[in-house]
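Below, each chain spelled out in residue letters.
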Amino acid sequence: MIEQQQSLWSFMSEQSDKLLNQTLQHVGLTFISLLLAIAIGLPLGVFIARKRKLSGGVLGLAGVLQTIPSIALLGFMIPFLGIGAKPAIVALLIYALLPIIRNTYTGIIGIDKHIIEAAKALGMSKTQILFRVELPLAMPVILAGIRTATVINVGVATLASYIAAGGLGEFIFGGISLNNTNMILAGAIPAALLAIILDFLLSLIQKLDFKKLRKVLYVFPVAILVLSGFYILSSAYGSVLTAGFTPEFMGRQDGDLGLKSVYGLKIHTIVISDAVMYKAAYAKELDVISGYSTDGRLKAFDLRILKDDKGIFPPYYAAPIVREIALKKFPDLENVLNLLAGKITDSIMTDLNYKTDYLHQTPERVAKDFLVKMGLYKESRNGNAGLIRIGSKIFGEQYVLAEMYSMLIKGNTDYNVTTKTGLGGTKICFDALMNDQIDFYPEYTGTGLLVLLQPDPKLSKEIAHDKDRTYDYVSSEFQKKFKIKWLKPIGFNNSYALMMRQKQSAKLHVNTITDLKNYLDKN
Amino acid sequence: MIKLQSVSKRFGNTKAVKNISFEVNNQENLVLLGTSGCGKTTTLKMINLLIQPGNGEILINDKDITSGNPEELRRGIGYVMQNIGLFPHYTVAENIAVVPNLLKWDKQKTNQRTSELIHKLHLPESCLKMFPHELSGGQQQRVGLARALVTDPPILLMDEPFGALDNVTRSSIQQEFKALEELKRKTIVMVTHDVLEAFELADRICLMDKGEIIQIGTPKDLLYNPINDFAKSFLDGQRLALEFKVIKLKDIWNHLPASESKADKKELNHELNIWDTLEILRSEVIAENFVSDGNGHFKTIDFAIVTEAFNQYRYTAHHD
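Sequence lines, in order, name chains A and V. Going by full-length UniProt numbering, the first sequence opens with residue 1, and the numbers climb by one from there. Going by full-length UniProt numbering, the second sequence opens with residue 1, and the numbers climb by one from there.
Bear in mind the hints are in silico, worked out from the structure with no lab data behind them. Note that the structure is predicted; figures quoted are calculated from it, not measured. Warning: the hint list may mix true and false statements.
[Claimed, not checked] Facing chain A, a subset of chain V residues (Cβ under 8 Å, in silico):
id	residue
1	Ile-51
2	Gln-52
3	Glu-72
4	Arg-75
5	Asn-83
6	Gly-85
7	His-89
8	Glu-271
9	Trp-275
[Stated by the list, open to error] No farther apart than 27 Å at their CA atoms in a straight line, the calculated lysine-lysine pairs in the DSS-like style are these:
id	chain 1	residue 1	chain 2	residue 2
10	A	Lys-420	A	Lys-483
11	V	Lys-104	A	Lys-212
12	V	Lys-63	A	Lys-126
13	A	Lys-373	A	Lys-343
14	A	Lys-215	V	Lys-104
15	V	Lys-129	A	Lys-215
16	V	Lys-3	A	Lys-215
17	V	Lys-3	V	Lys-186
18	A	Lys-53	V	Lys-104
19	A	Lys-307	A	Lys-467
20	A	Lys-467	A	Lys-481
21	A	Lys-483	A	Lys-427
22	A	Lys-307	A	Lys-279
23	A	Lys-215	A	Lys-260
24	V	Lys-129	A	Lys-113
25	V	Lys-107	A	Lys-212
Each residue gets a CB set at the ideal place from its N, CA and C atoms; glycine is no exception.
Only chain A is shown next, with the shape it has when bound in the complex:
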C-alpha cells in the first residue's frame, strides 16, 4: 500500500506539468459551459415561470437531453462542431441546463404571491419586479441548481478527453487503457477533489443571508469568468498538421512515446477517443490518426496507412486467451477455438470490420456469413453440458470474433454460451478474466507483451518486432504468472498504424512516417 502511494506521488510529481495543464483545462471546461448554461438557463427559467403553459415542454425537453448518454452526445456533435473544445462545451452545457432552468423556474414560482402583489401595488414595473424581487428571492434555489450543475459538469468533463478537449479524463482513460492504476488515480483524485471543493464553496454561498449574498453576487460572475479563462491559458501549441491519438496510444512505448524518441516526430497532438477519431479524420478535423491496421473504417473513410519504416509498431496477432481451469472444465473447448486458427488474414479482417463498422451489419450476421463461407458453420446443438462465458473488448472486431466463437462452440459441442461483450479496455477485459467473470477473450500478442506483462524495456524492444518470439514469450509468461493459455493465433495482425486521408497523403507526398516527420520539419 505504501509502495503504491509513493509511486502514485512520484507519478504525479513527474507528470506535474501535464497534471496542472489538465486540471486547468478541466476547471476551464466546467466553468465556460456553466457560464453559458447560466446565460441560457436563467432567462429560460424566468420565461417559463412567466408562461407556465410552456414549462412542461421546456423542462421535459431539457430532461430528455439530460438522459442522452454523454459519449453518444459527443459523437452526435462531431459532424456539426468537429472535435475539441466546442462540442465538449456544448455537451457540458446541455447537461448543466436542466438543473439551472428547473431551479430558476421553481425558485420564482415558489415566491409568496403576496410579495409579488405588494411589489406590483407599490408601482414596480415587470422588469423591476424581476430584478429587485423575484431573482433575489429565488437566488438560494437558483444557486442550488448551479451547484448541482457544477458537480455534474466536473464529472462529465472527464469525458471531454474523448473528443480531444483535454481535461483530467486524459489521465483517467489513458490509465484504463494502459492498465496503469497510478495514471487513473492521478486523474480521478484531482477530479473528485475538484467536485468536492466546488460543491463545498457553493454550499457556503447558498447558506449566506440576503445581506451577504448581495455582495457575493457581484463577485460570483467575475469568479466564473476568471475560472473559464483557465481553459485558454492551457491551450497547446499548433503545427501545420494536427494529430489525434487515443489515450492508450499516447502513453505507449509503441505509440506516441516511440514516435517521439525513434522518429523525432513533432506534431500538434490532441487526445481523442477511438470511437470518433476516424470520423474526425474524414471530416478534416484531424490529419494524422493512430488507427488499427485491420480497422474497417480505413476502407470506409478512405484513409491510408503510413509505412512504419523504422519499425516501432510491434505485431499484434490475435489469439484467444483462456483460463486453464476453464480448459480443464470444458475439455472440448480448445479444439473448437482452434478451428479458427490461421483462417482470417489481414484483408479478410479489414473486410469483416468494414461490414460491421461501415455497412452496419450486425456482428452476428457478419460472423455467420463468414463461417458459412468457410464451411465451418453448424446449427446449434442447444446443449447444456456447461456454460462458457466469452468476453470481448468494446470494438467491432472483438464483437465479430466473440460471435464466431459462440457459434462454433454451440455448433460443435454440447456447451452453452453467454457473451459478455463490450468490456471497456484491455484492463477491464483482463481483470474480468482474472476474476473468473469470463472464461476467455481474444487478445493481441503486442498488448499481452507491452500492456499486461510490461517486461523491462530492453527485453521488449528486442522481442517485440518478432512475431514468433513475442508469441512464445507471452504464452510462457501468461502460463507462469496468470495460469492463462494463449491458443493458436487467428492469423491477422492488427497492429497500430498511423493513417492519413488518401488525398492528403498523395498531395503532400507523405507515404512513410519519416516522410511525415520531414514534411513537418520543413513547414
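With chain A held as given, fit chain V onto it using these hints.
Same frame as chain A, now just chain V:
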C-alpha cells in the same frame, strides 16, 4: 375623489363584481364590508389596477385610471395588504424606501421622512436595520403602513390591513390608526369582513354581497335604517356592541337630564361614543363628569344616567 361608474368584473364564468357604482369623497374613509367572495377585494384591487376592470369606468379626480401608465398610478396610491407583503430580502429601511427609490427621491429626503414615520408609528429606530422576519406581527404591519405612507399619497387602499394580527394587537393598532393625524387627511378605501372594525373606523360603509352593493351609508344608517333583510341580518348578533360604538354622547344629548353645577368635574368630549364614555365613567375616581354640547350648555353625567339616556335613544331610533 374616487368614482366608480357601473363597474363589472368577471373571472371566467363567475361574475365577481356586478355593475357597481359609488363615490368616495375627499378625506373620507369608506369601508367595503362583506363576507368572503362578495367582491369587495376585487373592487378594491381594480382601483389601483391590480385587477383590470371589466366594464365601466373608474375615475380618480375625474380622470379615467386606465388612461395613464398603471405603474405611475400605483406609485401615487398607498397600498396596505393583509399579508403585509414586506420584502424579506430588504431591511425595514429599504422596505420603506421602495417607492421613494422608484420616484428617485434623494437619500436624505427619504431618510428624514422614514424616521419621521417610524416615530409616528411607535417603531424603535433600531428596527430600521433589521429584516422583516426579525419583527413581531404588529411591528411588521406598522412597517407596511409606513411603506404605504412614506410618499404621503392622497389615497390609501387597505386590504384587510389588520386581518393577520391577534385580537390584542389588532385593537391597539386600530386605536393608533384612528388617532394618526396623517391618516385623517387621506381618502381611504378599506376592505374588511370584520363588522366591528368597519363600524369603528368607517365614515361610510359599503355593504356588499355576491358582487353587488346592498347598501352604502354611515354606520348609523346601517344600524337604524337597513335597506333590506340582508342588511339587517348581517349586523344581528353584534347589534348591541355596534350601537355602543356608533352612538355618541351628542346623539343622546336630548335624553340626558338637565344640568347642575360643574365644579371640580372633568369635561368629556361630546364626540365620544357610548362605549368609551362608559369605560371612562366606570374607571374614573370621580364617578360624575360633565359634557358640553359645544354651545355653552353643560350636563352632568354618570354611569347610570348615560345608560338610561342610551336606552331611551335606542328605543326611539328603532321606532322611527
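Each hint, compared with the structure:
Nearest Cβ of chain A to the Cβ of V:Ile-51: about 10 Å, over the 8 Å cut. The hint is violated. The beta carbon of V:Gln-52 is not positioned within 8 Å of any beta carbon in chain A (closest approach about 12 Å), and the interface hint is therefore violated. Hint status for V:Glu-72: holds, given a least beta-carbon distance of 7 Å to chain A, under 8 Å. With its C-beta approaching chain A no nearer than about 3 Å, V:Arg-75 sits inside the 8 Å limit, and its interface hint holds.
The beta carbon of V:Asn-83 comes within 4 Å of a beta carbon in chain A, closer than 8 Å, and the hint placing it at the interface holds. Checking V:Gly-85 against chain A: minimum C-beta separation of about 3 Å stays under 8 Å; hint holds. This hint holds: V:His-89 has a C-beta 4 Å from the nearest C-beta of chain A, less than the 8 Å allowed. Interface hint status for V:Glu-271: violated, as the beta-carbon distance to the closest one in chain A is roughly 34 Å, over 8 Å.
Annotation: V:Trp-275 was flagged as interfacial toward chain A, and the flag is violated, the nearest CB pair being 34 Å apart, outside 8 Å. Straight-line distance between C-alpha atoms of A:Lys-420 and A:Lys-483 comes to about 21 Å, which keeps the hinted pair within the 27 Å bound. Distance hint between V:Lys-104 and A:Lys-212 is fulfilled; the C-alpha atoms sit about 25 Å from each other, no more than 27 Å. A distance of roughly 24 Å separates the Cα atoms of V:Lys-63 and A:Lys-126; the hinted pair therefore holds under the 27 Å criterion.
In summary, the hint linking A:Lys-373 to A:Lys-343 is supported, as the alpha carbons are separated by about 12 Å, within the 27 Å threshold. Restraint check: the Cα-Cα separation between A:Lys-215 and V:Lys-104 comes to about 23 Å, which is no more than 27 Å; the hinted pair holds. Restraint check: the Cα-Cα separation between V:Lys-129 and A:Lys-215 comes to about 17 Å, which is no more than 27 Å; the hinted pair holds. A distance of roughly 47 Å separates the Cα atoms of V:Lys-3 and A:Lys-215; the hinted pair therefore is violated under the 27 Å criterion.
Using a Cα cut-off of 27 Å, the hinted pair V:Lys-3 and V:Lys-186 holds, with the two alpha carbons roughly 16 Å apart. Of the pairs offered as hints, the one joining A:Lys-53 and V:Lys-104 is violated, with about 37 Å between alpha carbons and a cut-off of 27 Å exceeded. With a C-alpha separation of about 18 Å, the suggested pair A:Lys-307 and A:Lys-467 falls inside the 27 Å cut-off, and the hint holds. Straight-line distance between C-alpha atoms of A:Lys-467 and A:Lys-481 comes to about 21 Å, which keeps the hinted pair within the 27 Å bound.
Using a Cα cut-off of 27 Å, the hinted pair A:Lys-483 and A:Lys-427 holds, with the two alpha carbons roughly 17 Å apart. Proximity of A:Lys-307 to A:Lys-279 is assessed by CA-CA distance (about 21 Å); at most 27 Å being required, the pair is judged to hold. For the hint pairing A:Lys-215 with A:Lys-260, the CA-to-CA distance comes to about 52 Å; that exceeds 27 Å, so the pair is violated. Proximity of V:Lys-129 to A:Lys-113 is assessed by CA-CA distance (about 25 Å); at most 27 Å being required, the pair is judged to hold.
Simply put, V:Lys-107 and A:Lys-212 have alpha-carbon atoms about 22 Å apart, close enough for the 27 Å limit, and the pair holds.
Checked against the numbered hints above, the structure breaks hints 1, 2, 8, 9, 16, 18 and 23 and satisfies the rest.
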